[in-house]
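Position chain Y relative to chain L; hints supplied.
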Amino acid sequence: MTAVAQAPAPAPRRASRRVREMTGQAGWTVLGWAVGIAFFIPVLWMVITAFKPESAAETWPPQFAFSPTLSEFRLVFSGMGPFIEHSAIATVGSTILVLVLALPAAYALSIHPVAGWRDSLFFFISTKMLPVVAAIGPLYVIALKAHLLDNIWLLIILYAAMNLPLAIWMIRSFMLEVPGEMLEAARLDGAGRIREIVEVIMPVVSPGLVSTALICVIFAWNELFLALNLTVTNASTMPMFLISSVPQEGLYIAHLSAAATVASVPVIIVGWIAQRSLVRGLSMGAIK
Amino acid sequence: MAVLEDVTSPPAAGLRPRGASRREKWQRRLPLLPALVYTIVVTQVPFLVTLWYSFQSYFWNEPGGAHWTGVSNYKEVFTDPSFRSALVRSVTMTAIAVVVAMILGVLLALLLDKKFLGRGVVRTLIITPFLIMPAAASLIWSGPMLDPSFGLLNWLLEPFGVHHVAWLTTHAYGSVIVVMIWQWTPFMTLIILAGLQGQAADVLEAAKVDGANAWATFRELTLPHLRPYIELGILLGSIYLVTAFDQVKLMTNGGPGTSTTTLPFYLYQKVNFAFDIGGAAAAGVITVILTIIVASFALRMFARVFQFEEAR
Numbered sequence: 001m002t003a004v005a006q007a008p009a010p011a012p013r014r015a016s017r018r019v020r021e022m023t024g025q026a027g028w029t030v031l032g033w034a035v036g037i038a039f040f041i042p043v044l045w046m047v048i049t050a051f052k053p054e055s056a057a058e059t060w061p062p063q064f065a066f067s068p069t070l071s072e073f074r075l076v077f078s079g080m081g082p083f084i085e086h087s088a089i090a091t092v093g094s095t096i097l098v099l100v101l102a103l104p105a106a107y108a109l110s111i112h113p114v115a116g117w118r119d120s121l122f123f124f125i126s127t128k129m130l131p132v133v134a135a136i137g138p139l140y141v142i143a144l145k146a147h148l149l150d151n152i153w154l155l156i157i158l159y160a161a162m163n164l165p166l167a168i169w170m171i172r173s174f175m176l177e178v179p180g181e182m183l184e185a186a187r188l189d190g191a192g193r194i195r196e197i198v199e200v201i202m203p204v205v206s207p208g209l210v211s212t213a214l215i216c217v218i219f220a221w222n223e224l225f226l227a228l229n230l231t232v233t234n235a236s237t238m239p240m241f242l243i244s245s246v247p248q249e250g251l252y253i254a255h256l257s258a259a260a261t262v263a264s265v266p267v268i269i270v271g272w273i274a275q276r277s278l279v280r281g282l283s284m285g286a287i288k
Numbered sequence: 001m002a003v004l005e006d007v008t009s010p011p012a013a014g015l016r017p018r019g020a021s022r023r024e025k026w027q028r029r030l031p032l033l034p035a036l037v038y039t040i041v042v043t044q045v046p047f048l049v050t051l052w053y054s055f056q057s058y059f060w061n062e063p064g065g066a067h068w069t070g071v072s073n074y075k076e077v078f079t080d081p082s083f084r085s086a087l088v089r090s091v092t093m094t095a096i097a098v099v100v101a102m103i104l105g106v107l108l109a110l111l112l113d114k115k116f117l118g119r120g121v122v123r124t125l126i127i128t129p130f131l132i133m134p135a136a137a138s139l140i141w142s143g144p145m146l147d148p149s150f151g152l153l154n155w156l157l158e159p160f161g162v163h164h165v166a167w168l169t170t171h172a173y174g175s176v177i178v179v180m181i182w183q184w185t186p187f188m189t190l191i192i193l194a195g196l197q198g199q200a201a202d203v204l205e206a207a208k209v210d211g212a213n214a215w216a217t218f219r220e221l222t223l224p225h226l227r228p229y230i231e232l233g234i235l236l237g238s239i240y241l242v243t244a245f246d247q248v249k250l251m252t253n254g255g256p257g258t259s260t261t262t263l264p265f266y267l268y269q270k271v272n273f274a275f276d277i278g279g280a281a282a283a284g285v286i287t288v289i290l291t292i293i294v295a296s297f298a299l300r301m302f303a304r305v306f307q308f309e310e311a312r
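One line per chain: the protein sequences are L and Y, in this order.
Under our numbering, residues 1 to 288 are what the first sequence spells out, in order.
Under our numbering, residues 1 to 312 are what the second sequence spells out, in order.
Worth flagging that the hints you see were computed from the coordinates, not collected in a lab.
Please note that a few of the clues may not be correct.
[Said to hold, decoys possible] A few chain Y residues that face chain L, going by a derived Cβ cut-off under 10 Å, partial list only:
hint	residue
1	PHE116
2	PHE130
3	GLY143
4	LEU152
5	PHE218
6	ASP246
7	GLY257
[Unchecked claim] If you want the footprint, here are the derived chain Y segments under chain L, 3+ residues with CB under 8 Å:
hint	region
8	119 to 127
9	165 to 175
10	237 to 245
Glycine included, every Cβ here is placed at the ideal spot set by N, Cα and C.
Pulled out of the complex, with its shape left as it was, chain L reads as follows (with noise of 0.2 Å):
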């Protein structure tokens, strides 16, 4: 088996061993493509699905030819509008918010470290540890006594506070990436904060950024407990939408398909764009 064994004879080994790589690599294609085949076909059947009329979606067997319709998806258009415009707002809102929040402060972690950056650093994961179910009815208080209950603000403030953390932790791995000697050599040149952090700093960690938002807007995007809790009518968001598209009787498989086609797209999208920086983002940059 191994190459020590056929150590004499050269020439036909290298011949076999072609043949057995290019083997293997059928093999592992057959398998590959067989295992992420398998792993998409729930999303594969909820697109197909959303393309059924309401009739073919509940068959037995499944339909897999049948003529595709864009019916529920017009019926999903004409009742999404507010619940995509929250969804949008508390995103675009708390990532704006976490991106204003979470930029000087990795700054203050990093290229000018306070004397306790360790601990604020760790400060500031132990809240992701701290599950927020746990103060769900005191922060349903709160949120009635301040008058935010219902109100997309709310969301906006909570989203941001939920993905402050993380993107603390990867704008600072960003941040560590600029060259010591490029700050060196920018104070040398007379610069001052302002002019380092324009012309040194942020043409380095601006790429960072990009997927530090993206992974931020993965997050509010997706967020249902929060939303089901504290927001009724006026700030509820697509999951809300998706699960009022549950009727209580009714065929009503192929329009939830729909409804779930098109909330998820957005995001899936967004994170086929981001593959790369997806890891390191969850992992609060620790893997770069």
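What follows is chain Y alone, placed relative to chain L:
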């Protein structure tokens, strides 16, 4: 090359605070303050209020508001068997989901580390379950996938002698866990893949030349190299999954009976259906105390993971 970055190492020398004056110290601190104050106010104050309400009798559907009751909420929670079983269920569900997702994640990462045709596309297919909105995933699984009369899974399993199983009533616990695993395996895969791609190729080549078989190479070289990545994946997976709510709410609504009622769902019910703010607060405080105990271990693990490069 992907390596676990040493994020807690001191930043570049020459930039560290050295005998900084008071004014300069505040100048350094200033940019940190908004985020710090914001986080303290938004994440810590609700917990202080929770502590306060845990000693109050407060039903928000009843007039009269809150009044002091001492530790009676705690007595009630401790004697409530459904709280204890929800707690245990949260822990076991999270543990099973995280461990299985990690094992699958390692296998998939090993697969994706091989060169094959269309590897990028396959990776994209595999990560999609992680991106799909959890509420959408839960509803798609409970309807089009798992429905007893028209679900795709029963159709796929029919050749194997499975006939119209009502998964969400007969195997509710397992079904919820399967969806959690389906959503979190891609995340584990990506973390482990980053680890694999950071492994030095020449070491593996040397092992091959020395005649080591694939399993020995994996056990002796790859697995120790992956250890911090595995720890990180388990840690982060647990943080997110222990508070998972969407699957339970939308697939089984905690049932049948209370067989899938996890802690988040228990608290949700107490607030929304029993209107019991005091009781929910007491349960919340106990949850937080338990979390702090677990988290202090987790934080130590974090510290170790992040100092990985230094430790070598």
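Check: Which hint numbers does the structure go against, in order from smallest to largest?
Finding: 5, 7 and 9
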